[in-house]
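K.L.:
So you can see what is in the structure, the chains are spelled out below.
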Amino acid sequence: MDHIKKKAYLINTIAVVALYLVFFVLIQTKTMNNYFVGIAIMTCIMIIMAMSLNIVAGFLGEMALGHAGFMAIGAYASASFSMALIDSGLPLPQLVILILAMIVGGIVAGIFGFLIGTPTLRLRGDYLGIVTIGFSEIIRIFFINFGPTGGAAGLKGITRLVNFHNVYWVTIIVAFLIFTLGRSKQGRAIISIREDEIAAEAAGIPTTQYKVLAFSLAAFFAGVGGALYAHYQSFLEPSKFGFMFSIEMFVIVVLGGLGSITGSIISAIVLTVLPEMLRSFAEYRLLVYSLVLIIMMIFRPQGIFGRTEFSLTAFIESLIQRKNVKKSIGGGEAS
Amino acid sequence: MKKRVVSVLLVVMFTASIFAFAGCSTSGGSADVVKLGFIGPMTGDAAIYGSSAEEGAQLAVAEINAAGGIDGKNIELVAYDSKADQTEAINAYNRLRDQDGVVAVIGGTLSGETLAMKDIMVQDNMPVLSPTATAVEVTQAAPNVFRACFLDDYQGQAAANFAATTLGAKTAALLIGTGNPYSEGVSEAFKAAFTAKGGTIAGSESYGTADKDFSAQLTKIKEMNPDVVFVPDYVQTVGPILQKAKEMGITAKFVGADGWDGVQEEYADAAQGNYFTNHYAADSPSETVQNFITAYKKEYDKVPNSFAALGYDAVYAMVEAITAAGSTDSADIITALKATDHAGVTGTLKFDEEGNPKDKEVTIIKIDGGQLKFDSTVVNK
Chain A
1 MDHIKKKAYL INTIAVVALY LVFFVLIQTK TMNNYFVGIA IMTCIMIIMA
51 MSLNIVAGFL GEMALGHAGF MAIGAYASAS FSMALIDSGL PLPQLVILIL
101 AMIVGGIVAG IFGFLIGTPT LRLRGDYLGI VTIGFSEIIR IFFINFGPTG
151 GAAGLKGITR LVNFHNVYWV TIIVAFLIFT LGRSKQGRAI ISIREDEIAA
201 EAAGIPTTQY KVLAFSLAAF FAGVGGALYA HYQSFLEPSK FGFMFSIEMF
251 VIVVLGGLGS ITGSIISAIV LTVLPEMLRS FAEYRLLVYS LVLIIMMIFR
301 PQGIFGRTEF SLTAFIESLI QRKNVKKSIG GGEAS
Chain B
336 MKKRVVSVLL VVMFTASIFA FAGCSTSGGS ADVVKLGFIG PMTGDAAIYG
386 SSAEEGAQLA VAEINAAGGI DGKNIELVAY DSKADQTEAI NAYNRLRDQD
436 GVVAVIGGTL SGETLAMKDI MVQDNMPVLS PTATAVEVTQ AAPNVFRACF
486 LDDYQGQAAA NFAATTLGAK TAALLIGTGN PYSEGVSEAF KAAFTAKGGT
536 IAGSESYGTA DKDFSAQLTK IKEMNPDVVF VPDYVQTVGP ILQKAKEMGI
586 TAKFVGADGW DGVQEEYADA AQGNYFTNHY AADSPSETVQ NFITAYKKEY
636 DKVPNSFAAL GYDAVYAMVE AITAAGSTDS ADIITALKAT DHAGVTGTLK
686 FDEEGNPKDK EVTIIKIDGG QLKFDSTVVN K
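Chains as they are written, first to last, in our numbering: chain A, 1 to 335; chain B, 336 to 716.
The shape of chain B in the complex, shown without the other chains (with noise of 0.2 Å):
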């Protein structure tokens, strides 16, 4: 009797919960206050991306904030988990919109979620501005979204024109993560302008994406002898690559992309005298720069990242477009976001017609006693 007694209540709770949960109704933000939507990964595999990109994009609320906001608005960044799952990333935007009533979203962090989005943010006209989804596809047919990161293409193109110009490669191997599109998209630009460069693909070898032991790929690179390795991976694969290559002792430099961010911290060694593209470099003498990473630092006491860095411009990319605008109507914003200039830590942000950016600037790093320090920065043409 007295387990039908809890079971009865167990029914009763959750049927009023859900009836409850139902009742609850808009919470419209009052009228002083602009809210801003950020969708990301903060659990699951893919936490520290969203995270990141989170607190970076907190950090440039609270900068604006003290700052007067928007027109003495203050702004307020409502954050959801989408634990990088299509169907949560959905379920947090329509959140956002209706019960939140955001005026614009900051998000989706991966290419995925954003891509899962996409139709129903394009049917809403929402302005959609992601920091970090780099998928081709994500700004395609879509005007009212944009993206503060440069495309994978666009940076396989410059890691070639670095490895072939200031290195002087002539002959390159590839190392490709197969299944990832990430790895994949990467190298295929990269081939593409190593060889228009008048560089020669040596050969590429490809592994898995649950692979851990990467000996039979590096000896055949070995055997190639290469003058550059490019392993656009993330540092979880890219770590062990780099010290099985050291252990067999293949000299060719190794050039990555901006997944071997964090690589000095559990790598420094492995990784000693290689480079890899980037969206910005800690130690660019650039003023902005260095504000962002003290203020950072101050906040959250570790270094930032790029995924920060990246939500950090986009907020503030998006806060001049509606302040610029002037009003928090969408399309207001969408036409103010097109004509967006703003000198961010990541480099110079301006659209182009898909809502790229354009003409933004890579930067090269270079890993040199466990540290990372900025190499030099390349302009694709």
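Excised from the complex, chain A in its bound form (with noise of 0.2 Å):
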């Protein structure tokens, strides 16, 4: 067993590793020039805001429908404390201010996770639903009528401090810890709940305390990922964080899979990436972009990945032994 895990970390770096090479080479040769590195960095940026969103709507199984409010309350903290420190005029180096601030801005953001998360968990389903999305409405609304960050007019000056090397690292670590929070004790608890909520309890799992536990991480996360959309745009509109922008993370974590962080890597990169694509389609774009979503609902109602995770290992594996293959990529769903 140990030497399966050990060898499963060993190729999945590798392959991490890999990719950070190829891309490193490929922006330092130009042949990525800055509109395809920026269009990176939105993409790394959206799947953590769409593995955050996971840990509720995949692994706890409830509708939020608030993630922006936590995103945009993780980017303001973080700017206002990034720009703080940077007039405070200490000599620290660019990485350390912007890992600070991504530590401030999840925080913050988890803190107002766990109060928000307390008294709402006890409602499931769409109630759940309707509530988030107030309460991010409460926030949006916030930072508006807030004149300390800009108000309407929106929070300037944050100084730009995520480039792809960061960010890429970021991701990463973040995949790893959700990861790993999905196959921890913790993790199984919270899925369990999901399962069957009466069951779970039977068993003896404090549901409520693992149900905040589950919204207090994904805001987190989600406050981490505010903090690089704020340093990389160094520009904060309230009106960004919409209801819209919760229901496009929603999309993109249901279009993954529910509960499958793989899926909702690939669908975080496809449907970042497609809008940039249809770009050269002007005003058909979004027709086409719906398009697409629908046709992919209507065969993939599962997602792309349904409840799997796609294993880099299992893959590799499947290919050295033709045998095999049932077990790999395709392997049937898990429920």
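Hint data in this document are derived by calculation from the structure and do not stem from the laboratory.
For glycine and all other residues, C-beta sits at the position ideal for the given N, C-alpha and C.
It cannot be assumed that every hint is accurate.
Derived Cβ-Cβ restraints for the label pairs, each shown as a range [what the hints assert, rightly or not]:
| id | chain 1 | residue 1 | chain 2 | residue 2 | range |
| --- | --- | --- | --- | --- | --- |
| 1 | B | Q571 | A | R188 | 25 to 33 Å |
| 2 | B | D636 | A | V251 | 33 to 41 Å |
| 3 | A | S290 | B | K637 | 54 to 62 Å |
| 4 | B | Y635 | A | L90 | 50 to 58 Å |
| 5 | A | F114 | B | K637 | 30 to 38 Å |
Under the rule of at most 20 Å between Cα atoms (straight-line distance), these lysine to any residue pairs were calculated in the SDA-like manner [said to hold, decoys possible]:
| id | chain 1 | residue 1 | chain 2 | residue 2 |
| --- | --- | --- | --- | --- |
| 6 | A | K156 | B | D454 |
| 7 | A | K156 | B | V471 |
| 8 | B | K673 | B | G704 |
| 9 | B | K370 | A | K156 |
Two chains, two separate frames, one set of hints: put the complex together.
P.N.:
In structure tokens:
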């Protein structure tokens, strides 16, 4: 068992580093210009957002439609923090400022996730969905009217600290953390609530506690995503964090497969890159985008990966032993 | 099994499309085309602003090309939709620069998207002329960013001067949309300038961006009985306000800003006899204006609004600068832009040190019998 685990870690580390090296070379040789780098950065941020939403929507199986609100809190908190830190004149390297800002953004968003989650997680399904919409609207309207962060005109003058290199590694770390969360004791407890709350409770799992934990963790990672967004855009406008943005993230998670982290990653890549690919279609691109969503949902209602995860190790093994093809990538739905 | 095949196909298709996308190379323009970029919202709530400005800009490009282009080179306007979203705007700008290789950018159309792109634009030293972004910060600390429209506070000042001097108003009431930087900004400037002219602000009332009923605010304003009521907001808000005010029998003159453009179409009766400040007047006797309106009507079969006029002027001013610079080098174009002196549809365009229009005249429009009538022009000194 341990041997297999080690092998899996090794293979995945090699893949991650190799992918980074490919991007590194492409960027260094200018094969990938700033336009593509910009899209890649945005894609990484959306991957983080989708994975964090997947903790609530996928692992916990609850409808959370207010993810943009937590992202807004993280973005504004981290931006205010980094601006204050840079103003104070401390000679810190940019990377340190970014890391501190991400932690601050994540923690503030996490605290709000905890505060919101504690009373609202008594609700289930569509009721919880409505409450989370309401909450994210409150946040948006708060920032529209809150003078110190620029109000409706937006927060200006945030230092641009994010580049592809740091955003890539943050995405990898977040992916690793969420993956391990899914396999941990806590993660399994959360998933058991999704499968059957009453049975989980009967088995001695403190369901409320784990629900709040899942919600706060999702908010924390959303805050980290928000911090990256703030330091990539260098300008924040409250109108960006509207209801449609929350829906956009939810669509990514559903399309990738509720509960599948790899599904979220693939789907975030597709849905962030797709509108850009369609840019030359001008006004028809949103039409095509919607059409693709509808077609996807008709043919794969459970999402690209369903609840299964794509495993590179299993994939490689299946390549080696053709016999076991069935157990690899397309290996059936878990449920 | 069939389902599995479909899903695998879908995955393969998307992966392939991503790589195909990443692989497509820079389509460097051929040597005899000068490419200009345009960024603005063409879909979504703010679509009217972006698409109007783009239509004006495209018209200018067509005219310039018909007249021989820049030293015989044709101009091509590459226009991208920003969806009024900052991320989209940044992507669009990056694409204009890297994929399309534009020499200068006309845009962004809204303040928010322009501010989002500003940092990168300054880094690139890209010549930028925004037709309609009014936020003060757009041109600050950005020697390469210019704009064709006057600022919100300049406009508020002009409206106050007009109200105090021409209308002879002694008292004014303000009706402000909170959470709308445009409405707040113009009102602030109006307040300051009107007080400076010896007028009194009888009071100010505010409403939220999503409000549909204004009777409470208007009742209070009726009690104040001011000479003028200043309502700087967009048509969809101003129209119902004017209608309600008429129903309530408020006799004060209503004065507004350029957001009123188009109010005569649906609210002609309610807006009758009121004034607003604008960038140009459609019935102005000026030949440039009339030529523009005729050409625009012929091309798009509708009356141009001020966004179209500003887009049109922005392209002409930019092309003049490129011609004067004699090259498509960024630094040369920026130097030439600084010396711009263009007599356009929206008045004479000259820039101050910051890249804002200098001493541009503000046109006062009167709504009369469902028509926008040219009233006068105001220049703030």
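K.L.:
If a hint holds in the structure, say so; if it does not, say that too.
P.N.:
Comparing the hints with the structure gives:
For the pair B:Q571 and A:R188, the supplied restraint of 25 to 33 Å is violated, since their beta-carbon distance comes to about 52 Å. At about 38 Å, the CB distance of B:D636 to A:V251 agrees with the hint of 33 to 41 Å. A C-beta distance of roughly 28 Å is found between A:S290 and B:K637, which places it outside the suggested range of 54 to 62 Å. Range check, B:Y635 to A:L90: Cβ separation about 56 Å, and the 50 to 58 Å hint holds.
Judged by the Cβ atoms, the range 30 to 38 Å given for A:F114 and B:K637 is violated: they are separated by roughly 54 Å. For the hint pairing A:K156 with B:D454, the CA-to-CA distance comes to about 10 Å; that is within 20 Å, so the pair holds. Restraint check for A:K156 and B:V471: satisfied, since their Cα atoms lie roughly 12 Å apart, inside the 20 Å limit. Between B:K673 and B:G704 the alpha-carbon distance is near 42 Å, which puts this suggested pair outside the 20 Å criterion.
Straight-line distance between C-alpha atoms of B:K370 and A:K156 comes to about 30 Å, which puts the hinted pair past the 20 Å bound.
Violation of the numbered hints given earlier is confined to hints 1, 3, 5, 8, 9; the remaining hints are satisfied by the structure.
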